[in-house]
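Work the whole structure out from these sequences, hints included.
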Amino acid sequence: VNLDDYKGLAKKNPSLAVLLTIFLFSLGGIPPFAGFWGKYYLFYAAIKSELIWLSVIAILLSVISIYYYLKIIVYMWFSNEEGIGDEIAVPSFASIALYISAGLTLLFGLFPSLFFLMFKTVLK
1186 VNLDDYKGLA KKNPSLAVLL TIFLFSLGGI PPFAGFWGKY YLFYAAIKSE
1236 LIWLSVIAIL LSVISIYYYL KIIVYMWFSN EEGIGDEIAV PSFASIALYI
1286 SAGLTLLFGL FPSLFFLMFK TVLK
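For what it's worth, the working numbering labels the leading residue of the sequence shown as 1186, then goes sequentially.
Keep in mind that the hints were calculated from the coordinates and are not lab data.
Careful, some of the hints might be misleading.
Under the rule of at most 27 Å between Cα atoms (straight-line distance), these lysine-lysine pairs were calculated in the DSSO-like manner [stated by the list, open to error]: (1) 1196 to 1256; (2) 1305 to 1233; (3) 1192 to 1256; (4) 1305 to 1224; (5) 1197 to 1256; (6) 1256 to 1224.
Structure, rendered in structure tokens:
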């Protein structure tokens, strides 16, 4: 799969494009997705440990990664050309797993306290 394969995916398979967009935003650490909180606490811990240089590098690399994730999203949603969107058949069990994962990504992004309450004993 290359970048051109994502062209026009939103027109051919909109639900898959929405799911992929959610996951890419979360990977980029964009709120309100769960990946934001992961990166936030990682940067917070590095700064608290006085590893400012590491935090600066990590933030710069995150910004660079967001650029590449947005490039894929733009190809999916705003390209008039066609990629392999029709050829992608997602099995029903995989679709269920994708929807559950996307829901949890949004849920833990919007309500991070739920995550911390669930794993309170592990985090202590």
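>> Hint check: residue 1305 vs residue 1224, CA-CA at most 27 Å. Holds or violated?
In response: The hint holds at about 19 Å.
> Quick one, are residue 1192 and residue 1256 close enough, alpha carbons at most 27 Å?
Replying inline: Holds. Residue 1192 to residue 1256 sits at ~11 Å (cutoff 27 Å).
> When you check the alpha-carbon spacing of residue 1197 and residue 1256, does it fall within 27 Å?
Replying inline: Holds, at about 18 Å.
> Under the criterion that the straight-line Cα-Cα distance not exceed 27 Å, is the pair residue 1256, residue 1224 satisfied?
Replying inline: 21 Å, holds
> Given the hint that residue 1305 pairs with residue 1233, does the C-alpha gap stay at or below 27 Å?
Replying inline: Holds, at about 21 Å.
> Is the Cα-Cα distance between residue 1196 and residue 1256 27 Å or less?
Replying inline: 17 Å, holds
Every hint, counting from the list given before, is met by this structure.
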